[in-house]
Amino acid sequence: MRPWLGLPEGTRRGTRIALAVCLGYVLLAAFARWLAPHPVFDLRSLDLLNASLPPAWEADGQRGFLLGTDEQGRDVLSGVLFGLRLSLLVGVGAVLVAMVLGVAAGLVSGYRGGWLDALLMRAADAQLTFPAILVALLLDGVARTLLPRSVHETLGVPVVIGAIALAQWVPFARAARVGTLVEREKGYVQAAQVMARPGWAIALSHVLPNVMGPILVIATIGLGNAILTEATLSFLGVGIPPTSPSLGTLVRNGSAYLPSGAWWMVVFPGLALAGLVLAVNVAGDGLRDVLDPKQRSTVP
Amino acid sequence: MIAGLLTRLLQGVGVMLVVGLLAFAVSTKLGDPVNNMLGPNATIEEREAMTHELGLDQPFLLQYWRYLGRVLHGRLGVSYRLGIPVEELLAERLPASVELSGVAMLLTLLLGVPLGIYTALHRRSVLSKLVLGASLTGLSLPTFLVGLLLIFFFSVQLRWLPSSGRGQVVAIGPWTTGLLTLSGLRSLLLPSITLALFSLALLLRLVRGELLDVLHSDHIRFARARGLPDRAIHFRHALKNALLPVITVAALQLGNLLAFAVVTETVFQWPGMGLLFLQAVQFADVPVISTYLLLAAVTFVLINLAVDVSYRVLDPRVRSSRAGS
Amino acid sequence: MSAPVELEGLQISLARDGGEVPLVEDVSLRIGAGQVMGLVGESGAGKSLTAAALIGLVASPCRTRAGRLAVAGRELSLADPEALRPLRGRAIGFIPQDPFTSLDPLFTVGDLLTETLRTHLPLTGAAARARALELLSDVGLPSPEVRFEQYPHQLSGGMRQRVAIALAICAGPALIIADECTTALDVSTQAQIVSLLAGLVERDGTSVLLITHDLGVVAELASSVAIMYAGRIVERAPVEQLLRTPRHPYARALLDAVPRVGRTRTAVLPAIPGTMPRPGAVPPGCAFHPRCPRASDRCRADRPPIESAGASEVSCWHPLEDGAARA
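Protein chains in written order, with the working numbering: chain A, 3 to 302; chain B, 1387 to 1711; chain C, 70 to 396.
Derived by calculation from the structure, the hints in this document are not laboratory data. From a predicted model like this one, the values you see are computed outputs, not experimental measurements. Each hint should be verified, as a subset may be incorrect.
Said to hold, decoys possible - Ranges of calculated distance between the beta carbons of each label pair, as one might list FRET restraints: (1) B/ARG1698 / C/ARG313: 56 to 64 Å; (2) A/LEU183 / B/LEU1566: 50 to 58 Å; (3) A/GLY263 / B/VAL1556: 30 to 38 Å; (4) A/LYS188 / B/VAL1404: 33 to 41 Å; (5) A/GLY263 / B/LEU1496: 32 to 40 Å; (6) B/PRO1615 / A/VAL184: 39 to 47 Å; (7) A/VAL28 / B/ALA1428: 52 to 60 Å; (8) B/LEU1395 / A/VAL184: 29 to 37 Å; (9) A/ARG114 / B/ALA1428: 50 to 58 Å.
In this text, a Cβ means the ideal position worked out from N, Cα and C, and glycines have one as well.
Generate the whole structure from the sequences, applying the supplied hints.
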């Protein structure tokens, strides 16, 4: 297959569709402010008369609220758009932090070797079993006891990003470490060392290009998980303060009204979330087939 | 082999001690036990007396030692939120979580392994493609959404199954089980499916991936060249080789099951440890938090140990060293 | 069991968008009963594919498009891989290349042997075990009872290869295909395996298709040899004839490139310039012409037919006469 938009050859059609969908989501989120028909955060614009309206195509629905409203009259569609933005921001942020930390750790570990390497690998082993959700819950509990409420709330987003990053750094570190070990043995590294080029320069210019493929695959797979984890934490009421709701928070709010039959408050945010993660997962799978066929679909 | 096991056991104990230290630090340094017991209006003398009585003026390591003693005797503190001893809460809630996780794990294994094998051996069949598509969806749906949707369809719309609680349970000694009553089983159905879905999808793809890998290996090719029947090649040789790494990864996934249990118990209001932990976090109920931490650590250490043992038992390469030429 | 093996007109190709790329074209071999035929060529010439086709194990996306196989008079079409199933392990035994990865690591040597024995022969329990022990000592393994209980990783490469050979001859095949079975071993172990194979041939009268890129092994073991280049056989002859008076320039060049003790120190080892063309990139006419010192316009335009002369054949427009003198 010919290269398409800079993608390597051999990318399957499903992967391309998935990547296009991801792009679509990103655009929706980026332009949420302009696309959303209603300003969801402006409390004054809410009218309780609009509360709990079903989607526009149903009997009691209204055209102005395409996907219905919640119990306070907030437009579900607008809420989803803004929630999407937050979910993407946190997800991408967490993966980036994990990538930077993990790759740095792996580079150092592989290059230096010795006790630092051993220590890092032990930490990686021990850490693998602790899931992000529990770590985040624990951190939240600790923060709640130690900090006053306002500080605790502002720290919500960084804590979630930190917890997810903590759960995801290991695969990045391992990939970077392996790449470093492979390159270290090659002649040009030793030549550069003789020429007294600093270690980090060697690492960056030689090792990084070679591990970018696997790293990208890990990042894409990690992104799906990060988004799911953030949504789950929001659903549990932990982490992101309720004033800027993510998709998980929307589902949490809507779940109370599910028994009475108001399904739209749960289904639309949920589907938006599932669609995004599905697209990311399919894209990740496809990218893996092209960039790093040795890996398998090991979703953490 | 024994030496290896002993080292692992010691490592496990070491990890437990460290985690215990963490749990202890959390339980004493966070929150104020004295304040919790006496209330904000206590006098300074009363505070000092209580501090002395609780042993909080002793050196840190001594306190830790006594804490370990208490834990090993099953005295885990008193819940801030509910005012009852944590041990009692444990006894009450643990059976619910164990049954839920147990049934979910059973579903995962009973469906995941056969489906994984099928999709590996029949790559082009329509059923395989359906199953793989479904598994990808299963990995993309958040657990809470699955639970809510199941509740919506089966409880709210169809009214076939209950949406919360354990139903009727039977007490057997200290244990309470919902497996012996119809209402208990009906209550277990939706939560266990919800909990199992993600792990099921994961295990399925894992088994499939490993099996496909093994089917391309040299020794399988040689087995074919020797004229062995397909059944022997697939199930005797390929499957055995494929399941070995699956066990490790699958067991490590049990950690995820613990995390998802928190979500599932929340959605279904299932009275288990997960829901207890969540409520403890929201309330800053430190004794419960630290106990849960200890429990989680014990579970992980045991799982790791079990995986290690099973690997040693199942893989002859780990068991013995080269006996020479 | 000894019987003649005849392969005729084997074609294997790879389906790629745009058409089929030929990988093995018009390969025919005739191996007499009890004869060892060497199949020699560079990596990628199609030797292993040919071997795989004989037992129907050509892996997709490659496909056997044509070919006839007759073992002891019984005829089979190679285009239907499933029809070849009954041959595997019975009429045709296969010795794989890499002894380190060819044995299932989770089974003992004894398990592997008895399993194969039970598949092909009506042996069970103690009888199977006894036969397995016999086979292990036939292939020269010391203390067979000990080996029987051991796992592959507990054996050296040479020993594992002996086990593989035992597995291949379990059911007394008429033909053994040895697919580069000495390549992964060190020189002294190679020699042992080669003499083991020679012994088996002599004792049982089995035919052997010896696939290798090592002319030395061929010289020692084979009675006739076929040389493959870019998916075709370019020369086939009795081994002494080929070694002394090769007719195809490629065969000549291969022989010249073999290092020999006694050469003067200043002599440069003649390497063949250029590389063998990859499938799909084969030039028109004779595939060897870009590297051939004797190439003419005819070689560049038309593919030379196979000229048979008794027990030998060659595919060349300008075959060498009486071979050039060796350096």
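A quick look at each hint next to the structure:
no. : hint                             : in the structure
1   : B/ARG1698 / C/ARG313: 56 to 64 Å : 59 Å, holds
2   : A/LEU183 / B/LEU1566: 50 to 58 Å : 56 Å, holds
3   : A/GLY263 / B/VAL1556: 30 to 38 Å : 34 Å, holds
4   : A/LYS188 / B/VAL1404: 33 to 41 Å : 39 Å, holds
5   : A/GLY263 / B/LEU1496: 32 to 40 Å : 34 Å, holds
6   : B/PRO1615 / A/VAL184: 39 to 47 Å : 41 Å, holds
7   : A/VAL28 / B/ALA1428: 52 to 60 Å  : 56 Å, holds
8   : B/LEU1395 / A/VAL184: 29 to 37 Å : 35 Å, holds
9   : A/ARG114 / B/ALA1428: 50 to 58 Å : 55 Å, holds
When held up to the earlier numbered hints, the structure conflicts with none and fits them all.
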